[in-house]
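Peer 1: Here the structure of chain A is known, so what remains is to put chain B in place on it, guided by the hints.
There are 2 protein chains.
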Amino acid sequence: MKAHLLTIGDELLIGQTENTNAAWLGRRLSDLGVEVKRTVTVGDNPDTMRAELERAVRQADFVVMTGGLGPTHDDVTREVLAETFDAPLRTDDEIMDRIRRYYEQRGHQMPPSAPQLAQVPEGFATLDNPVGAAVGLWYDASDDGCVVAVLPGIPEELKGIFNGSVEPRLEARPHLRAVTHRTLVTSGIGESSLQERLGDLSDLLDDELSLAYLPSTSGVRLRLTAANEDSTAAEQRIDQLTERIRARAGEHVIGTGDVTLEEVLAEQLRAADRTIGSAESATGGLIGHRLTGISGSSDYYEGSVVAYANRVKQTVLGVDPELLDEYGAVSEPVAVKMAAGVREALGVDVGIATTGIAGPTGGTEEKPVGTVWLGYADDVRTRAVRRQFVEDRTLNKQLFATAALDLARRELERHGDAEDWVPR
Amino acid sequence: MKAHLLTIGDELLIGQTENTNAAWLGRRLSDLGVEVKRTVTVGDNPDTMRAELERAVRQADFVVMTGGLGPTHDDVTREVLAETFDAPLRTDDEIMDRIRRYYEQRGHQMPPSAPQLAQVPEGFATLDNPVGAAVGLWYDASDDGCVVAVLPGIPEELKGIFNGSVEPRLEARPHLRAVTHRTLVTSGIGESSLQERLGDLSDLLDDELSLAYLPSTSGVRLRLTAANEDSTAAEQRIDQLTERIRARAGEHVIGTGDVTLEEVLAEQLRAADRTIGSAESATGGLIGHRLTGISGSSDYYEGSVVAYANRVKQTVLGVDPELLDEYGAVSEPVAVKMAAGVREALGVDVGIATTGIAGPTGGTEEKPVGTVWLGYADDVRTRAVRRQFVEDRTLNKQLFATAALDLARRELERHGDAEDWVPR
Chain A
102 MKAHLLTIGD
112 ELLIGQTENT
122 NAAWLGRRLS
132 DLGVEVKRTV
142 TVGDNPDTMR
152 AELERAVRQA
162 DFVVMTGGLG
172 PTHDDVTREV
182 LAETFDAPLR
192 TDDEIMDRIR
202 RYYEQRGHQM
212 PPSAPQLAQV
222 PEGFATLDNP
232 VGAAVGLWYD
242 ASDDGCVVAV
252 LPGIPEELKG
262 IFNGSVEPRL
272 EARPHLRAVT
282 HRTLVTSGIG
292 ESSLQERLGD
302 LSDLLDDELS
312 LAYLPSTSGV
322 RLRLTAANED
332 STAAEQRIDQ
342 LTERIRARAG
352 EHVIGTGDVT
362 LEEVLAEQLR
372 AADRTIGSAE
382 SATGGLIGHR
392 LTGISGSSDY
402 YEGSVVAYAN
412 RVKQTVLGVD
422 PELLDEYGAV
432 SEPVAVKMAA
442 GVREALGVDV
452 GIATTGIAGP
462 TGGTEEKPVG
472 TVWLGYADDV
482 RTRAVRRQFV
492 EDRTLNKQLF
502 ATAALDLARR
512 ELERHGDAED
522 WVPR
Chain B
102 MKAHLLTIGD
112 ELLIGQTENT
122 NAAWLGRRLS
132 DLGVEVKRTV
142 TVGDNPDTMR
152 AELERAVRQA
162 DFVVMTGGLG
172 PTHDDVTREV
182 LAETFDAPLR
192 TDDEIMDRIR
202 RYYEQRGHQM
212 PPSAPQLAQV
222 PEGFATLDNP
232 VGAAVGLWYD
242 ASDDGCVVAV
252 LPGIPEELKG
262 IFNGSVEPRL
272 EARPHLRAVT
282 HRTLVTSGIG
292 ESSLQERLGD
302 LSDLLDDELS
312 LAYLPSTSGV
322 RLRLTAANED
332 STAAEQRIDQ
342 LTERIRARAG
352 EHVIGTGDVT
362 LEEVLAEQLR
372 AADRTIGSAE
382 SATGGLIGHR
392 LTGISGSSDY
402 YEGSVVAYAN
412 RVKQTVLGVD
422 PELLDEYGAV
432 SEPVAVKMAA
442 GVREALGVDV
452 GIATTGIAGP
462 TGGTEEKPVG
472 TVWLGYADDV
482 RTRAVRRQFV
492 EDRTLNKQLF
502 ATAALDLARR
512 ELERHGDAED
522 WVPR
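The listed protein sequences correspond, in order, to chains A and B.
Residue numbers for the first sequence follow this note's numbering, so the first one is 102 and each next one is one higher.
Residue numbers for the second sequence follow this note's numbering, so the first one is 102 and each next one is one higher.
I should point out that these hints are in silico values taken from the structure, not numbers from a laboratory.
From a predicted model like this one, the values you see are computed outputs, not experimental measurements.
Each hint should be verified, as a subset may be incorrect.
Since the list gives no way to pick out one identical chain from another, each pair is judged satisfied if it fits inside one copy or across any two copies.
[As the list claims (entries may be wrong)] EDC-like cross-link-like pairs, simulated, lysine to aspartate or glutamate; straight-line CA separation at most 16 Å:
no. : residue 1 : residue 2
1   : K103      : D162
2   : K260      : D493
3   : K468      : E205
4   : K260      : D132
5   : K103      : E336
6   : K260      : E492
7   : K468      : E492
8   : K103      : E292
Extracted from the complex, chain A is given alone in its bound form:
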């Protein structure tokens, strides 16, 4: 199945917004065995949109069109669909009711432009939007041998509709290419080091089995792809490659699929019936934010102290001013004391801490930008490790947080057995 993406928006053309939707859709569709052959971006101009849509429908089996479904005057996607497919717009009463309720619940008056959101071209199915008011659209342009999915441009809405409604519809179709994927999620190792650890894999890899490195600030994912009509054979080849990877870098492989470091840590904490809290300087609250990104995190996460100022490190976390004077805030003893201090201050079982130099200023020869000390404390042990990352502030904050979470994961992995644990 060959897909074309058609993403709409002047803001994409002039680079005011990065086209993250195209990349996300590309990844998801590839994983589903849909081959993305072309991505086109044009502005909010009905004639151009129509020309591109007609071309895509003619050339592809599946077209995903994004953007231009909002309530404002430059949202013209519905009109373009109506014209292109000769499908007059009608008001969908159910959607209209939902929009009315949406505004009622929020105590807002419905804006006069809102009814536009309930207009649906004749013959189009609607796709539920779990996040916002604009529904997605689905059309079987059978005459052209093509299916069209239309999604809002707001990334969260697009993802919600894709996962809930587009993916199941695609999976129900027969002519997907037989591609088997597996993703191995790693933690605590960079792309180059991981590649070095894995070494030469050319005896395993070929045209039908490939390995891609997908690095991000939360770790490197490895995507293993086998193309084979026989899915058992494909699975076997992927198993073989997985085995090699685990043999060479096994302690860094924390799971498969979409699993995240935060989820692995959540499982560990739940299993050991322990609570966690963070003491954050350089990460500014990001560790707490990431831990609370998971629904149900209140089972094991109790809170954090962001001690950005040294005064807060002293008053709330009990860091001795003399330690700060002697070693500086970015130091082993301060990281240890912050981790131990947050256990006391919040009454949690495990404390993790960050103190570092995110940059761009504040670096010294001895402690350049990118230096971080990570602290860990539980009821029987404390630990601190120094890591060195990059020059960019935004990246450093993410990398520091990931490293602190990974330190907790490893300590819990190593020492987290129940008998090893002295309850508070």
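Peer 2: Below, chain B alone, put in the same frame as chain A:
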């Protein structure tokens, strides 16, 4: 001058790499007065590339093609150019010498594929690469009334060649369209409500003056664009539209260009010589994370208490357990007490607080998912406001944080005069 971008690479289609080049080129070309009308991405397939290149050359005045200029076997851009423009490849001796020196200087042996980098289609000019080995290419396809620039896909190389060689060549051409942009940044109002507030603008807008809404979880940006050869006239039209927008939604306009809510708040706090801290439940540390995204934030941001568990709200922030029993954690008195409590706990001038239901679970009829109470406290006043957002956890956390920061901005705007302030 109308431009089409043609970006090449399978990794872009399957989303393994984000197409940051397209966004960067879009921004730079727009700033130079070149209108980017379409961006197309296709894979490393010569036939497809040729079809897209021919179409772009036919329709645009200026085509920028990126990618496929490297030394590997799937780098076929040179062959495609040679075929499309009937311009046989020749080896450029000067480039060949440079490549030889490049490897010599680094003490590496020249790879056998390197000579490919010195091949140039007949009639093409070369553009110096200040960063890497692959040169850019420039072709005046005068027969088709089009100019073609070809750049490597590696972002640093692309930027280096664009800035050094493409920009000056473009500026020397007469037919750039005079386009003037201005972005107004708003806060504390959604897209629909903002549109309603702005009302009918059709007396001001036309083909030469347009207004685009760019919504995100940190606010809606408004992009005003005027096309006019006379830049003074363009500025005047944009001023006129700006004036109207400010008259109708002025309290929501917090700045222009790339300014963020966090930066506006930073300016207010610096000007008033005050410090801030946050007490976060539903946002889990995100407010602290966002405030510390700015380098230099330690001048006014001291820290946060993430009080995810009610016990932490009591012990660290001093929230009375009876308040929690009587009103629940998501309530006006708790939000107020959290904001006041973090002032005490951290010794800061201004406290802001969030307590809400991010979802997907935990909602009730009275307090559905998306409900948040925001608290504000300074030395003379406390305040709490209730807001209702969406159903998605990730979005809610961002929207709650934005709303809390915006509450602080408004309170400081209203009451933040120096004489109004009782120092701690």
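Peer 1: If you test the structure against every hint from before, which numbers come out violated?
Peer 2: Of the numbered hints, 5, 8 do not hold.
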